[in-house]
Amino acid sequence: MRRFPAIFGLPPREGAGGEGGGAGSPPAPAAGGGGGAPPSPSPQPGDGNAPPGWAGPEGGAKEWKMPEGFPERLKADKPEDFATKLQEDWKQQHQRLSALPQPAKAIEEYAFKPSDKVAPFVGDLAKDPVFGVAQKAALAAGMPVDAFQKFVGGFYDAMAEGGLLTKPLDVKAEALKFLGKPDAKLDEQTALAELAPIAEPLFGHIDKLCADAKLSPEAKAAAYALMDTADGMAFVKALVDAAKTPGIQPGGQGGGANGVTRAQLIERQQDPRNKFGSSQWDPAFKAETDRLYKEFSGK
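Sequential numbering from 85 applies to the sequence shown in this note's numbering.
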(Lines of atoms letter the chains of each structure in order from A; the text may use other names.)
(Lines give C-alpha, C1' and ligand atoms only; values in the text may rest on other atoms or scores of the structure.)
Protein backbone atom coordinates (compact mmCIF):
# COMPACT_ATOMS: atom_id res chain seq x y z
CA MET A 85 0.00 0.00 0.00
CA ARG A 86 1.09 3.64 -0.32
CA ARG A 87 2.95 4.96 2.70
CA PHE A 88 2.46 8.73 2.31
CA PRO A 89 0.53 10.32 5.19
CA ALA A 90 -2.86 11.83 4.70
CA ILE A 91 -1.38 15.34 4.50
CA PHE A 92 -0.13 14.52 1.02
CA GLY A 93 -3.73 13.87 -0.06
CA LEU A 94 -3.34 10.22 -1.01
CA PRO A 95 -6.44 8.11 -0.30
CA PRO A 96 -5.98 4.40 0.29
CA ARG A 97 -6.39 2.39 -2.85
CA GLU A 98 -9.66 0.59 -3.12
CA GLY A 99 -9.34 -3.03 -2.14
CA ALA A 100 -5.81 -2.55 -0.67
CA GLY A 101 -4.91 -5.26 1.79
CA GLY A 102 -3.09 -4.92 5.11
CA GLU A 103 0.61 -5.46 5.64
CA GLY A 104 1.70 -8.41 3.60
CA GLY A 105 -1.59 -8.59 1.70
CA GLY A 106 -1.67 -8.52 -2.09
CA ALA A 107 -2.76 -5.32 -3.77
CA GLY A 108 -6.30 -5.58 -5.06
CA SER A 109 -7.17 -8.73 -3.11
CA PRO A 110 -10.81 -8.81 -2.00
CA PRO A 111 -11.44 -8.85 1.75
CA ALA A 112 -11.84 -12.28 3.30
CA PRO A 113 -15.46 -13.25 3.97
CA ALA A 114 -16.59 -13.51 7.55
CA ALA A 115 -16.64 -16.94 9.17
CA GLY A 116 -19.92 -18.73 8.52
CA GLY A 117 -20.24 -17.06 5.18
CA GLY A 118 -21.97 -13.89 4.14
CA GLY A 119 -22.61 -12.56 7.61
CA GLY A 120 -19.64 -10.17 7.86
CA ALA A 121 -19.86 -6.39 7.63
CA PRO A 122 -19.33 -5.01 4.15
CA PRO A 123 -16.01 -3.27 3.50
CA SER A 124 -15.87 0.49 4.16
CA PRO A 125 -16.51 2.49 1.02
CA SER A 126 -13.64 4.49 -0.45
CA PRO A 127 -13.71 8.11 0.70
CA GLN A 128 -15.27 10.49 -1.77
CA PRO A 129 -14.96 14.25 -2.04
CA GLY A 130 -17.56 15.97 0.07
CA ASP A 131 -18.52 12.93 2.20
CA GLY A 132 -16.31 13.95 5.16
CA ASN A 133 -13.99 10.98 4.81
CA ALA A 134 -11.63 12.29 2.15
CA PRO A 135 -8.09 13.17 3.36
CA PRO A 136 -6.82 16.74 3.05
CA GLY A 137 -5.87 17.83 -0.45
CA TRP A 138 -7.91 15.17 -2.24
CA ALA A 139 -10.41 16.67 -4.63
CA GLY A 140 -11.99 16.00 -7.95
CA PRO A 141 -15.34 15.57 -9.65
CA GLU A 142 -17.46 12.91 -8.10
CA GLY A 143 -16.96 9.64 -9.88
CA GLY A 144 -14.06 11.07 -11.90
CA ALA A 145 -10.29 10.77 -11.57
CA LYS A 146 -8.98 11.76 -8.19
CA GLU A 147 -6.78 14.90 -8.30
CA TRP A 148 -4.23 16.03 -5.66
CA LYS A 149 -4.49 19.54 -4.24
CA MET A 150 -1.56 21.35 -2.56
CA PRO A 151 -2.33 21.80 1.18
CA GLU A 152 -2.60 25.38 2.40
CA GLY A 153 -0.18 27.08 4.76
CA PHE A 154 3.09 25.95 3.20
CA PRO A 155 5.65 28.41 1.72
CA GLU A 156 5.86 28.94 -2.01
CA ARG A 157 9.19 27.12 -2.24
CA LEU A 158 7.39 23.85 -1.38
CA LYS A 159 4.71 24.19 -4.05
CA ALA A 160 4.32 21.04 -6.12
CA ASP A 161 1.82 19.52 -8.53
CA LYS A 162 2.27 15.97 -7.24
CA PRO A 163 2.32 14.63 -3.69
CA GLU A 164 5.55 12.77 -4.42
CA ASP A 165 7.24 16.08 -5.43
CA PHE A 166 5.82 17.80 -2.37
CA ALA A 167 7.21 15.09 -0.08
CA THR A 168 10.63 15.37 -1.71
CA LYS A 169 10.72 19.15 -1.36
CA LEU A 170 9.53 19.00 2.23
CA GLN A 171 12.21 16.50 3.19
CA GLU A 172 14.97 18.49 1.45
CA ASP A 173 13.80 21.74 3.05
CA TRP A 174 13.81 20.19 6.50
CA LYS A 175 17.33 18.89 5.90
CA GLN A 176 18.56 22.35 4.90
CA GLN A 177 16.90 23.98 7.89
CA HIS A 178 18.48 21.44 10.21
CA GLN A 179 21.92 22.07 8.72
CA ARG A 180 21.54 25.83 9.14
CA LEU A 181 20.44 25.49 12.76
CA SER A 182 23.29 23.10 13.51
CA ALA A 183 25.79 25.60 12.09
CA LEU A 184 24.64 28.43 14.39
CA PRO A 185 26.97 29.34 17.30
CA GLN A 186 26.01 27.46 20.42
CA PRO A 187 25.83 28.88 23.96
CA ALA A 188 28.37 27.77 26.52
CA LYS A 189 27.58 24.94 28.91
CA ALA A 190 29.91 26.20 31.64
CA ILE A 191 31.10 29.64 32.73
CA GLU A 192 34.73 28.70 32.08
CA GLU A 193 34.04 28.55 28.34
CA TYR A 194 33.61 32.33 28.28
CA ALA A 195 37.30 33.13 27.91
CA PHE A 196 38.59 36.46 26.64
CA LYS A 197 41.83 37.20 24.83
CA PRO A 198 42.46 40.96 24.98
CA SER A 199 43.97 42.85 22.08
CA ASP A 200 47.43 44.42 22.33
CA LYS A 201 45.92 47.82 23.12
CA VAL A 202 43.84 46.41 25.96
CA ALA A 203 46.26 43.88 27.47
CA PRO A 204 48.17 46.44 29.62
CA PHE A 205 44.93 47.47 31.32
CA VAL A 206 43.10 44.23 32.10
CA GLY A 207 45.63 42.34 34.21
CA ASP A 208 44.66 38.85 35.41
CA LEU A 209 41.00 38.46 34.49
CA ALA A 210 40.71 35.35 36.64
CA LYS A 211 41.03 37.66 39.66
CA ASP A 212 38.78 40.36 38.25
CA PRO A 213 35.35 40.21 39.96
CA VAL A 214 33.77 42.42 37.28
CA PHE A 215 34.75 40.01 34.53
CA GLY A 216 33.31 37.14 36.59
CA VAL A 217 29.98 38.96 36.73
CA ALA A 218 30.05 39.34 32.93
CA GLN A 219 30.68 35.61 32.51
CA LYS A 220 27.73 34.71 34.74
CA ALA A 221 25.42 37.10 32.89
CA ALA A 222 26.47 35.67 29.52
CA LEU A 223 25.80 32.11 30.68
CA ALA A 224 22.37 33.06 32.05
CA ALA A 225 21.49 34.79 28.75
CA GLY A 226 22.60 31.83 26.65
CA MET A 227 25.15 33.93 24.77
CA PRO A 228 27.27 32.00 22.24
CA VAL A 229 30.97 31.82 23.09
CA ASP A 230 32.05 33.59 19.88
CA ALA A 231 29.57 36.40 20.51
CA PHE A 232 30.95 36.86 24.03
CA GLN A 233 34.49 37.26 22.72
CA LYS A 234 33.38 39.80 20.10
CA PHE A 235 31.24 41.77 22.55
CA VAL A 236 33.78 41.96 25.37
CA GLY A 237 36.64 42.61 22.94
CA GLY A 238 34.78 45.45 21.24
CA PHE A 239 33.76 46.90 24.61
CA TYR A 240 37.30 46.94 26.01
CA ASP A 241 38.81 48.25 22.76
CA ALA A 242 36.41 51.18 22.76
CA MET A 243 37.16 51.87 26.44
CA ALA A 244 40.91 51.87 25.76
CA GLU A 245 40.59 54.16 22.75
CA GLY A 246 38.47 56.57 24.79
CA GLY A 247 40.98 56.71 27.63
CA LEU A 248 38.48 55.17 30.03
CA LEU A 249 40.73 52.36 31.28
CA THR A 250 43.40 52.58 33.95
CA LYS A 251 46.26 50.17 34.36
CA PRO A 252 45.88 47.66 37.19
CA LEU A 253 47.76 48.41 40.37
CA ASP A 254 51.28 47.00 40.41
CA VAL A 255 52.03 46.84 44.12
CA LYS A 256 55.71 46.01 43.74
CA ALA A 257 56.31 48.74 41.17
CA GLU A 258 54.62 51.35 43.38
CA ALA A 259 56.59 50.28 46.42
CA LEU A 260 59.91 50.42 44.57
CA LYS A 261 59.03 53.81 43.09
CA PHE A 262 58.32 55.26 46.53
CA LEU A 263 61.55 53.76 47.89
CA GLY A 264 63.46 55.35 45.04
CA LYS A 265 64.46 51.98 43.59
CA PRO A 266 62.29 51.59 40.48
CA ASP A 267 64.77 49.24 38.79
CA ALA A 268 65.64 47.13 41.83
CA LYS A 269 65.45 43.38 41.32
CA LEU A 270 63.25 42.65 44.32
CA ASP A 271 60.21 40.46 44.63
CA GLU A 272 56.95 41.93 45.89
CA GLN A 273 57.27 40.55 49.41
CA THR A 274 60.76 42.00 49.89
CA ALA A 275 59.74 45.39 48.47
CA LEU A 276 56.75 45.59 50.84
CA ALA A 277 58.95 44.58 53.77
CA GLU A 278 61.24 47.53 53.05
CA LEU A 279 58.27 49.85 52.70
CA ALA A 280 56.52 48.79 55.91
CA PRO A 281 58.57 50.91 58.39
CA ILE A 282 57.59 54.01 56.40
CA ALA A 283 54.02 53.15 55.46
CA GLU A 284 52.80 51.93 58.86
CA PRO A 285 53.37 55.28 60.66
CA LEU A 286 51.59 57.04 57.80
CA PHE A 287 48.56 54.82 58.29
CA GLY A 288 48.74 55.61 61.98
CA HIS A 289 48.64 59.35 61.28
CA ILE A 290 45.63 58.85 59.01
CA ASP A 291 43.84 56.89 61.74
CA LYS A 292 44.54 59.57 64.35
CA LEU A 293 43.54 62.45 62.10
CA CYS A 294 40.27 60.76 61.12
CA ALA A 295 39.50 59.96 64.76
CA ASP A 296 40.32 63.47 66.00
CA ALA A 297 38.31 65.10 63.23
CA LYS A 298 35.50 62.51 63.60
CA LEU A 299 35.58 61.78 59.89
CA SER A 300 33.28 59.20 58.31
CA PRO A 301 34.47 55.68 57.40
CA GLU A 302 34.15 56.70 53.76
CA ALA A 303 36.53 59.63 54.31
CA LYS A 304 39.00 57.33 56.01
CA ALA A 305 38.76 54.84 53.13
CA ALA A 306 39.48 57.67 50.67
CA ALA A 307 42.58 58.61 52.67
CA TYR A 308 43.70 54.99 52.76
CA ALA A 309 43.30 54.81 48.97
CA LEU A 310 46.04 57.43 48.65
CA MET A 311 48.45 54.89 50.13
CA ASP A 312 47.95 52.52 47.20
CA THR A 313 50.34 54.44 44.96
CA ALA A 314 53.80 55.91 45.36
CA ASP A 315 52.54 59.42 44.54
CA GLY A 316 49.72 59.11 47.07
CA MET A 317 52.10 57.95 49.80
CA ALA A 318 54.44 60.84 48.99
CA PHE A 319 51.54 63.27 49.45
CA VAL A 320 50.49 61.78 52.78
CA LYS A 321 54.09 61.78 54.01
CA ALA A 322 54.45 65.45 53.04
CA LEU A 323 51.35 66.32 55.08
CA VAL A 324 52.62 64.41 58.07
CA ASP A 325 56.06 66.02 57.84
CA ALA A 326 54.49 69.47 57.54
CA ALA A 327 52.50 68.87 60.70
CA LYS A 328 55.70 68.17 62.60
CA THR A 329 57.34 71.50 61.68
CA PRO A 330 56.49 74.97 63.00
CA GLY A 331 53.78 76.56 60.93
CA ILE A 332 50.06 77.05 60.69
CA GLN A 333 48.60 74.36 62.94
CA PRO A 334 45.09 72.94 62.83
CA GLY A 335 42.79 74.29 65.54
CA GLY A 336 44.75 77.50 66.08
CA GLN A 337 47.64 75.80 67.90
CA GLY A 338 50.80 77.76 68.42
CA GLY A 339 53.50 77.33 65.86
CA GLY A 340 56.15 79.82 66.86
CA ALA A 341 58.46 80.09 69.83
CA ASN A 342 56.38 82.95 71.19
CA GLY A 343 53.24 80.79 71.22
CA VAL A 344 51.24 83.01 68.87
CA THR A 345 48.21 81.25 67.42
CA ARG A 346 46.77 81.21 63.95
CA ALA A 347 43.64 82.94 65.23
CA GLN A 348 45.73 85.75 66.73
CA LEU A 349 47.59 86.27 63.47
CA ILE A 350 44.33 86.48 61.52
CA GLU A 351 43.03 89.01 64.03
CA ARG A 352 46.18 91.17 63.65
CA GLN A 353 45.92 90.98 59.84
CA GLN A 354 42.35 92.30 60.00
CA ASP A 355 43.33 95.14 62.36
CA PRO A 356 43.10 98.60 60.65
CA ARG A 357 46.59 99.37 61.97
CA ASN A 358 47.90 96.56 59.75
CA LYS A 359 46.29 97.89 56.53
CA PHE A 360 48.18 100.40 54.45
CA GLY A 361 45.97 103.36 53.52
CA SER A 362 43.88 103.11 56.64
CA SER A 363 43.53 106.19 58.80
CA GLN A 364 44.89 104.02 61.64
CA TRP A 365 47.83 102.64 59.62
CA ASP A 366 50.76 101.86 61.96
CA PRO A 367 54.02 100.78 60.26
CA ALA A 368 55.39 99.42 63.53
CA PHE A 369 52.26 97.29 64.10
CA LYS A 370 52.51 95.96 60.51
CA ALA A 371 56.20 95.12 60.96
CA GLU A 372 55.44 93.23 64.16
CA THR A 373 52.64 91.31 62.42
CA ASP A 374 55.00 90.28 59.64
CA ARG A 375 57.63 89.17 62.17
CA LEU A 376 55.15 87.09 64.11
CA TYR A 377 53.83 85.46 60.93
CA LYS A 378 57.34 84.51 59.76
CA GLU A 379 58.13 83.10 63.20
CA PHE A 380 54.84 81.19 63.24
CA SER A 381 55.42 79.64 59.83
CA GLY A 382 59.02 78.78 60.60
CA LYS A 383 60.48 81.03 57.91
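Note that these hints are calculated values from the structure, not bench results.
Since this is a predicted model, take the numbers as computed values, not measurements.
It cannot be assumed that every hint is accurate.
Said to hold, decoys possible - Straight-line C-alpha distance at most 30 Å; calculated DSS-like pairs for lysine-lysine:
{"hint": "1", "residue 1": "298", "residue 2": "269"}
{"hint": "2", "residue 1": "292", "residue 2": "378"}
{"hint": "3", "residue 1": "261", "residue 2": "211"}
{"hint": "4", "residue 1": "149", "residue 2": "162"}
{"hint": "5", "residue 1": "234", "residue 2": "211"}
{"hint": "6", "residue 1": "298", "residue 2": "321"}
{"hint": "7", "residue 1": "201", "residue 2": "211"}
{"hint": "8", "residue 1": "292", "residue 2": "328"}
{"hint": "9", "residue 1": "234", "residue 2": "256"}
{"hint": "10", "residue 1": "197", "residue 2": "169"}
{"hint": "11", "residue 1": "370", "residue 2": "328"}
{"hint": "12", "residue 1": "175", "residue 2": "197"}
{"hint": "13", "residue 1": "175", "residue 2": "162"}
{"hint": "14", "residue 1": "175", "residue 2": "159"}
{"hint": "15", "residue 1": "251", "residue 2": "304"}
{"hint": "16", "residue 1": "201", "residue 2": "265"}
{"hint": "17", "residue 1": "189", "residue 2": "169"}
{"hint": "18", "residue 1": "159", "residue 2": "169"}
{"hint": "19", "residue 1": "256", "residue 2": "292"}
{"hint": "20", "residue 1": "149", "residue 2": "175"}
{"hint": "21", "residue 1": "298", "residue 2": "201"}
{"hint": "22", "residue 1": "234", "residue 2": "197"}
{"hint": "23", "residue 1": "265", "residue 2": "175"}
{"hint": "24", "residue 1": "197", "residue 2": "251"}
{"hint": "25", "residue 1": "359", "residue 2": "370"}
{"hint": "26", "residue 1": "298", "residue 2": "251"}
{"hint": "27", "residue 1": "328", "residue 2": "378"}
{"hint": "28", "residue 1": "189", "residue 2": "256"}
{"hint": "29", "residue 1": "201", "residue 2": "251"}
{"hint": "30", "residue 1": "251", "residue 2": "234"}
{"hint": "31", "residue 1": "234", "residue 2": "201"}
{"hint": "32", "residue 1": "201", "residue 2": "256"}
{"hint": "33", "residue 1": "304", "residue 2": "292"}
{"hint": "34", "residue 1": "211", "residue 2": "256"}
{"hint": "35", "residue 1": "251", "residue 2": "162"}
{"hint": "36", "residue 1": "265", "residue 2": "220"}
{"hint": "37", "residue 1": "251", "residue 2": "265"}
{"hint": "38", "residue 1": "321", "residue 2": "378"}
How the hints compare with the structure:
1. For the proposed pair residue 298 and residue 269, the alpha carbon gap of about 42 Å is over 30 Å, so the pair is violated.
2. Between the alpha carbons of residue 292 and residue 378 the distance comes to roughly 28 Å, so the proposed pair stays at or under 30 Å and holds.
3. Proposed proximity of residue 261 and residue 211 is supported: the alpha carbons are some 24 Å apart, at most 30 Å.
4. Annotation: proposed proximity of residue 149 to residue 162 holds, straight-line Cα distance about 8 Å (limit 30 Å).
5. Note on residue 234 and residue 211: the hinted pairing holds, with a Cα-Cα distance of about 21 Å set against a maximum of 30 Å.
6. Restraint check for residue 298 and residue 321: satisfied, since their Cα atoms lie roughly 21 Å apart, inside the 30 Å limit.
7. Taking the CA atoms of residue 201 and residue 211, the gap is about 20 Å. The hint holds against a cut of 30 Å.
8. Restraint check for residue 292 and residue 328: satisfied, since their Cα atoms lie roughly 14 Å apart, inside the 30 Å limit.
9. Taken as a hint, the residue 234 and residue 256 pair is broken in the structure, with Cα atoms around 33 Å apart against an allowance of 30 Å.
10. Of the pairs offered as hints, the one joining residue 197 and residue 169 is violated, with about 44 Å between alpha carbons and a cut-off of 30 Å exceeded.
11. A hinted pair counts as satisfied when its Cα atoms are at most 30 Å apart, and residue 370 with residue 328 qualifies at roughly 28 Å.
12. This hinted pair does not check out: residue 175 and residue 197 have alpha carbons roughly 36 Å apart, beyond 30 Å.
13. Between residue 175 and residue 162 the CA atoms are separated by roughly 20 Å; this keeps the pair inside 30 Å, and the hint holds.
14. Among the hinted pairs, residue 175 with residue 159 is consistent with the structure: their alpha-carbon atoms are about 17 Å apart, no more than 30 Å.
15. About 24 Å separates the Cα atoms of residue 251 and residue 304, which keeps this hinted pair within 30 Å; it holds.
16. At most 30 Å may separate the alpha-carbon atoms for a hinted pair to count; residue 201 and residue 265 meet this at roughly 28 Å.
17. With a CA separation close to 35 Å, the supplied pair residue 189 and residue 169 exceeds the 30 Å bound.
18. Between residue 159 and residue 169 the alpha-carbon distance is near 8 Å, which keeps this suggested pair within the 30 Å criterion.
19. Among the hinted pairs, residue 256 with residue 292 is consistent with the structure: their alpha-carbon atoms are about 27 Å apart, no more than 30 Å.
20. Between residue 149 and residue 175, the direct Cα distance comes to roughly 24 Å. Compliance with the 30 Å bound is thereby established for this hinted pair.
21. Taking the CA atoms of residue 298 and residue 201, the gap is near 44 Å; set against the 30 Å cutoff, the hint is violated.
22. For the suggested pair residue 234 and residue 197, the alpha carbons sit about 10 Å apart, so the restraint of at most 30 Å is met.
23. The hinted pair formed by residue 265 and residue 175 fails the criterion: a straight-line CA distance of about 69 Å is larger than 30 Å.
24. This hinted pair checks out: residue 197 and residue 251 have alpha carbons roughly 17 Å apart, not beyond 30 Å.
25. At roughly 8 Å between alpha-carbon atoms, residue 359 and residue 370 fall within 30 Å of each other, so this suggested pair holds.
26. Only pairs whose Cα atoms come within 30 Å are accepted, and residue 298 paired with residue 251 is rejected, the gap being roughly 34 Å.
27. Straight-line distance between C-alpha atoms of residue 328 and residue 378 comes to about 17 Å, which keeps the hinted pair within the 30 Å bound.
28. At most 30 Å may separate the alpha-carbon atoms for a hinted pair to count; residue 189 and residue 256 exceed this at roughly 38 Å.
29. With a CA separation close to 11 Å, the supplied pair residue 201 and residue 251 stays within the 30 Å bound.
30. About 22 Å separates the Cα atoms of residue 251 and residue 234, which keeps this hinted pair within 30 Å; it holds.
31. Distance check on the hinted pair: residue 234 and residue 201 sit about 15 Å apart at the alpha-carbon level, within 30 Å; holds.
32. Taken as a hint, the residue 201 and residue 256 pair is honoured in the structure, with Cα atoms around 23 Å apart against an allowance of 30 Å.
33. With a C-alpha separation of about 10 Å, the suggested pairing of residue 304 with residue 292 holds against the 30 Å cut-off.
34. The straight-line distance between the Cα atoms of residue 211 and residue 256 is roughly 17 Å, inside the 30 Å bound, and the hint therefore holds.
35. Note on residue 251 and residue 162: the hinted pairing is violated, with a Cα-Cα distance of about 70 Å set against a maximum of 30 Å.
36. The hinted pair formed by residue 265 and residue 220 fails the criterion: a straight-line CA distance of about 42 Å is larger than 30 Å.
37. Between residue 251 and residue 265 the alpha-carbon distance is near 20 Å, which keeps this suggested pair within the 30 Å criterion.
38. Only pairs whose Cα atoms come within 30 Å are accepted, and residue 321 paired with residue 378 is accepted, the gap being roughly 24 Å.
Going through the hint list in order, the structure does not satisfy hints 1, 9, 10, 12, 17, 21, 23, 26, 28, 35 and 36.
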